[in-house]
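**Q** Hey, can you piece these two chains together into the complex? The hints should help.
Residue-level listing of the chains:
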Amino acid sequence: MSTHSVADTANTASTTAARPRVEHKYAPEARRSRRINTGLGVLAWIIGIVFCLPALWMLLTSFHSEADAATNPPSLAASLTLDGYRTFFGDGGGASPWPPLLNSLMASLFSTVLVLLLALPAAYALSIRRVRKWTDVMFFFLSTKMLPVVAGLLPVYLFAKNVGMLDNIWLLVILYTSMNLPIAVWMMQSFLADVPVSIIEAAQVDGARLPTVLARVVAPVAAPGIAATSLICFIFSWNELLFARVLTGVRAETAPVYLMSVVTSQGLFLAQLCAASVIVSLPVLAAGFAAQDKLVQGLSLGAVK
Amino acid sequence: MSTSVSTAPSAPAGAPGPATAPKAARTASDRARAWATRAPLLPALVFLVAVTQLPFVATLVISLFDWNSLSPDNRRFAGLSNYASVFTDASLRESVFTTVLLTATVVIVSVVLGMLLALLLDRSFMGRGFVRTLLITPFLLVPVSAALLWKHALYNPEYGLLNGGWAWFMGLFGVSEPAQPDWISDMPLLAVETALIWQWTPFMMLILLAGLQSRPAEILEAARLDGASPWQMFRYLTLPHLRRYLELGILLGSIYIVQNFDAVFTLTAGGLGTANLPYTIYQTFYKAYEYGLASAAGVVVVIGTIVIATFALRVVSSLFSEEANRA
Numbered sequence: 000m001s002t003h004s005v006a007d008t009a010n011t012a013s014t015t016a017a018r019p020r021v022e023h024k025y026a027p028e029a030r031r032s033r034r035i036n037t038g039l040g041v042l043a044w045i046i047g048i049v050f051c052l053p054a055l056w057m058l059l060t061s062f063h064s065e066a067d068a069a070t071n072p073p074s075l076a077a078s079l080t081l082d083g084y085r086t087f088f089g090d091g092g093g094a095s096p097w098p099p100l101l102n103s104l105m106a107s108l109f110s111t112v113l114v115l116l117l118a119l120p121a122a123y124a125l126s127i128r129r130v131r132k133w134t135d136v137m138f139f140f141l142s143t144k145m146l147p148v149v150a151g152l153l154p155v156y157l158f159a160k161n162v163g164m165l166d167n168i169w170l171l172v173i174l175y176t177s178m179n180l181p182i183a184v185w186m187m188q189s190f191l192a193d194v195p196v197s198i199i200e201a202a203q204v205d206g207a208r209l210p211t212v213l214a215r216v217v218a219p220v221a222a223p224g225i226a227a228t229s230l231i232c233f234i235f236s237w238n239e240l241l242f243a244r245v246l247t248g249v250r251a252e253t254a255p256v257y258l259m260s261v262v263t264s265q266g267l268f269l270a271q272l273c274a275a276s277v278i279v280s281l282p283v284l285a286a287g288f289a290a291q292d293k294l295v296q297g298l299s300l301g302a303v304k
Numbered sequence: 000m001s002t003s004v005s006t007a008p009s010a011p012a013g014a015p016g017p018a019t020a021p022k023a024a025r026t027a028s029d030r031a032r033a034w035a036t037r038a039p040l041l042p043a044l045v046f047l048v049a050v051t052q053l054p055f056v057a058t059l060v061i062s063l064f065d066w067n068s069l070s071p072d073n074r075r076f077a078g079l080s081n082y083a084s085v086f087t088d089a090s091l092r093e094s095v096f097t098t099v100l101l102t103a104t105v106v107i108v109s110v111v112l113g114m115l116l117a118l119l120l121d122r123s124f125m126g127r128g129f130v131r132t133l134l135i136t137p138f139l140l141v142p143v144s145a146a147l148l149w150k151h152a153l154y155n156p157e158y159g160l161l162n163g164g165w166a167w168f169m170g171l172f173g174v175s176e177p178a179q180p181d182w183i184s185d186m187p188l189l190a191v192e193t194a195l196i197w198q199w200t201p202f203m204m205l206i207l208l209a210g211l212q213s214r215p216a217e218i219l220e221a222a223r224l225d226g227a228s229p230w231q232m233f234r235y236l237t238l239p240h241l242r243r244y245l246e247l248g249i250l251l252g253s254i255y256i257v258q259n260f261d262a263v264f265t266l267t268a269g270g271l272g273t274a275n276l277p278y279t280i281y282q283t284f285y286k287a288y289e290y291g292l293a294s295a296a297g298v299v300v301v302i303g304t305i306v307i308a309t310f311a312l313r314v315v316s317s318l319f320s321e322e323a324n325r326a
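Sequence lines, in order, name chains A and B. Take the first sequence: its letters are residues 0 to 304, numbered as in numbering that gives the first Met the number 0. Take the second sequence: its letters are residues 0 to 326, numbered as in numbering that gives the first Met the number 0.
Chain B extracted, bound-state conformation (with noise of 0.2 angstroms):
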């Protein structure tokens, strides 16, 4: 790409400030100068550090001691011992493999189908705007009111949408006692998949959407004018283009669900196999009073994450300053 040779662009815009005077110029003038430019600066830095990385500073602390608020006159040094409980406890096992299930079904399915739902908008047609705001509708319901209506709504094994819809359908083949399967007890996952993914395609598509719009039309009409068929198109000049935003899409969806509670607290409350890591933390210092274990467990998802983070960044990153070169 022609866009990553020039990072430079970015350095006229920040000439005015002190950084570019010369090294040996520097007197006490312009170093209370780079302290005004800083200075509106440093109160939303001391605030985040002190919210978010204290918290997390004390939790590695806190991982390191035999810990139950329950018992706190025992609280002493044990080293990685709740690490080790952590690799071996078998249910923050399963709730590590659970919660890899869950993310990246939820995350896989909803690129797909955001994917396909951004091809058909992103073409004119009648009422597209309102298609548009229906299709986001499902991202803007608050999350625990979208897990309870899919839980006692549309799950319920009475009178649930789902089993309702089914029955008045094959009534009207004549069918008096279709089955009534009772969703959450028999497929506990999918239910919980299935309502966050109809929470999260809209996402995607919105992301997906705003890269299909980016396309450079000329390059389009070009190809189309050569006679490349539509799978051509898409295949050439769509998904390459598309690389990034896919990226993007995948990467934050991962971070945003590998977080999620809502759904498996309120749809199983962590039952049947549904718990994740995020909902075994909550129910470890909560409920069991575990402040050691917990702690330690919170540790792992962190490291899980600074992984999925680091190419998240990456890909912001090569986004923004393709951005900054733009401008």
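Chain A extracted, bound-state conformation (with noise of 0.2 angstroms):
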């Protein structure tokens, strides 16, 4: 493989060489290769804006009266209107949606602090100063996150129910720091894989402590692949439901659990639903959004960078 890329360089470089003539000569050519670009860039806008439809006709019915969302046809230009969101905070004299939303957030930042301190001494064990054998002990923590949930999910209920933890927050921040845990750990070693041996190794000969070399040195290199693996570990624990849905009642129901009861079998609930599912998802696009540039590497593990 690597004679072959020598050859083609050499090959690009001689080619280079002719170049104004080549480019005279394919002028017709080149135009019409610009026009293919410029409608595949039209074609990627249509794809984008109609594969994001749904989500945009939530955003949009959540803004509707109850009438105007359930017509048919559908009314594209009905007035709007924050009804379904005034419905949905319990101006009606319905059940405030803060419990539910405030248990999501202390089981999401709660377990994500949790999943911090505990992996990040481990990705340096695990990176800057590696026991041995450390990649078996990587592939150990990644098998977990491939047994499936749902195998764990009796004994945890039983155990749950015999220690009086049921309908508890803290069960499921226990829970969702074991669901994290390895994600979090093969993405901080990744990131901190990425600080130079040699920095830390020059500061340690100036005297440093190993504080102030985490400190001064490791984490400001760290620091953003730390805030990203924050965010998905967050992300994560919003949205999970399973556990959510089987191990709380009515004290530490989450918001996606509650979410299901704002459907109702009378009377119409789509604009109110509606507004629901966008407050309830505004924290995971906004956490999204934040941590674009290192979601793919977050989802894949850290395996794909």
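If you are wondering where the hints come from, they were derived from the structure by calculation, not from laboratory data. Mixed in with the good hints, there may be bad ones.
Stated by the list, open to error - Derived, one-sided and incomplete: chain A residues facing chain B with beta-carbon distance under 10 angstroms: (1) PRO120; (2) TRP133; (3) ALA183.
From a predicted model like this one, the values you see are computed outputs, not experimental measurements. For glycine and all other residues, C-beta sits at the position ideal for the given N, C-alpha and C.
**A** The following block contains the structure:
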């Protein structure tokens, strides 16, 4: 493979020398390929909009009145109102969505903090000051992520019932931490491995102690990665349904579980449901767009950079 | 590949640790230092073993018991009979089939769509970043809200956008009574699959786009100057390069979608032949209180997942060692 690329590079160099004439000769073709390029750009725009249409429709419907939301054909130009949001936030005398939203926030935030506390030292021992057989340890972490959640659900339920932790937000915090820990270890390991060893050694030669090295040398390089890791852990915890559904009741109910209760069998609810979906999805959208650059790396468990 | 020869480069980085010290020179202080190196790792390891491995061991044990929580006094050891039930019970067998079909369809279609979208985005045009954001949005909706959106705002036979849009479109041609199918009852599995494909295509697109952008630019340029057609370049340069990214997308997608609960639970509540294994297990223990049977089904899911996961781990490991060598 390497011999090929050498030859190819040589080839490139020789052709570049003769470039002006070549470009002139193929001018109509260049214009044609530019037109194809513009066409494909327009196509990408159209597909992007069509693909996003359901989400845009949800946003629009959330600002319609219930009557306008449930028409056929759809009323695109109906007047906008905040009624859906008002009803969702309990203006019509319904239940307040704040307890479940706060529960979700608590479960997601606390589990993310716990994940960081556990994953950062672990990643340090897997990247900067490596333990023996560190790749084996990495793959053990990863393999736990592949165990289907549903297989451990019943014992967790029985355990929680026996120790009286059902309907308790801290149980979710623990479970979400274990769900996100492997991802966080993998991501963090790849970010910490980016810190040049020579800088760390230079700092140590200069007499810097470990805390100083961590704060002054490692942290600045790894900070964006740590931030992205936290955002991704936050998203996964916020989205989780199965555990929340089985293990919580009235007190510790999370936002995704609550969202399902907006659907009623009496009367119209579509505008309110769309408003609720927008509100519940907002934190995830914000976190996702903030972490956009590192999203792939997180989702592929650090395998793709 | 020339890279596979050398796994050695990772060793120098690990050299400062005690690992490479001569064995004879091992003293108590060396061992203490080894433990000091290991110490930061232990909390995470212990936590993970306790929370993820122990419950699974418990599942294995429970699966050997005949245990219905409505009659707890009748709990007794039943050997492998729960496993026999899993494979003979018609609804469980059907849900195995549904799981395979659902996972395969969603993964294959979203990989193909994701590939096309990635190819479209892998060129510069005006507003590329914005289009990328539009395409990622479905993936960033909370899964439950995406499923509810499809069920009520799109599929609803009376006022959903699909039927509404169709009625509006046909109205343009003067058709006053267009077909208004009830999407979820008429094609339940397809309805679930479509909603999932919509959410997972961006995931595949992101991974494949990362793969496309990691192609060595000079080789592509050389091929172009040598007169290779776009199709030839795709077939002989891009596709081989993307192979590992495709594998990764397919395997990670399979692992996530095999476990899917949200869409099935929300869209059809497992009815109309859409109950996959996670949903059926949830149903067996949460609604039917058959603890032993649910656990046996859980073990079966785990075994199925291990088969996929073994391949997944191999792919991740090959990408991983490549990264390690490049560094």
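**Q** Indicate, hint by hint, whether the structure satisfies it.
**A** Cross-check of the supplied hints:
The criterion of a C-beta within 10 angstroms of any C-beta in chain B is met by A/PRO120, whose closest approach is roughly 3 angstroms, and the hint holds. Hint status for A/TRP133 relative to chain B: holds, with the closest Cβ pair at about 7 angstroms, below 10 angstroms. With a least beta-carbon distance of about 9 angstroms to chain B, the hint placing A/ALA183 at the interface is held under the 10 angstroms criterion.
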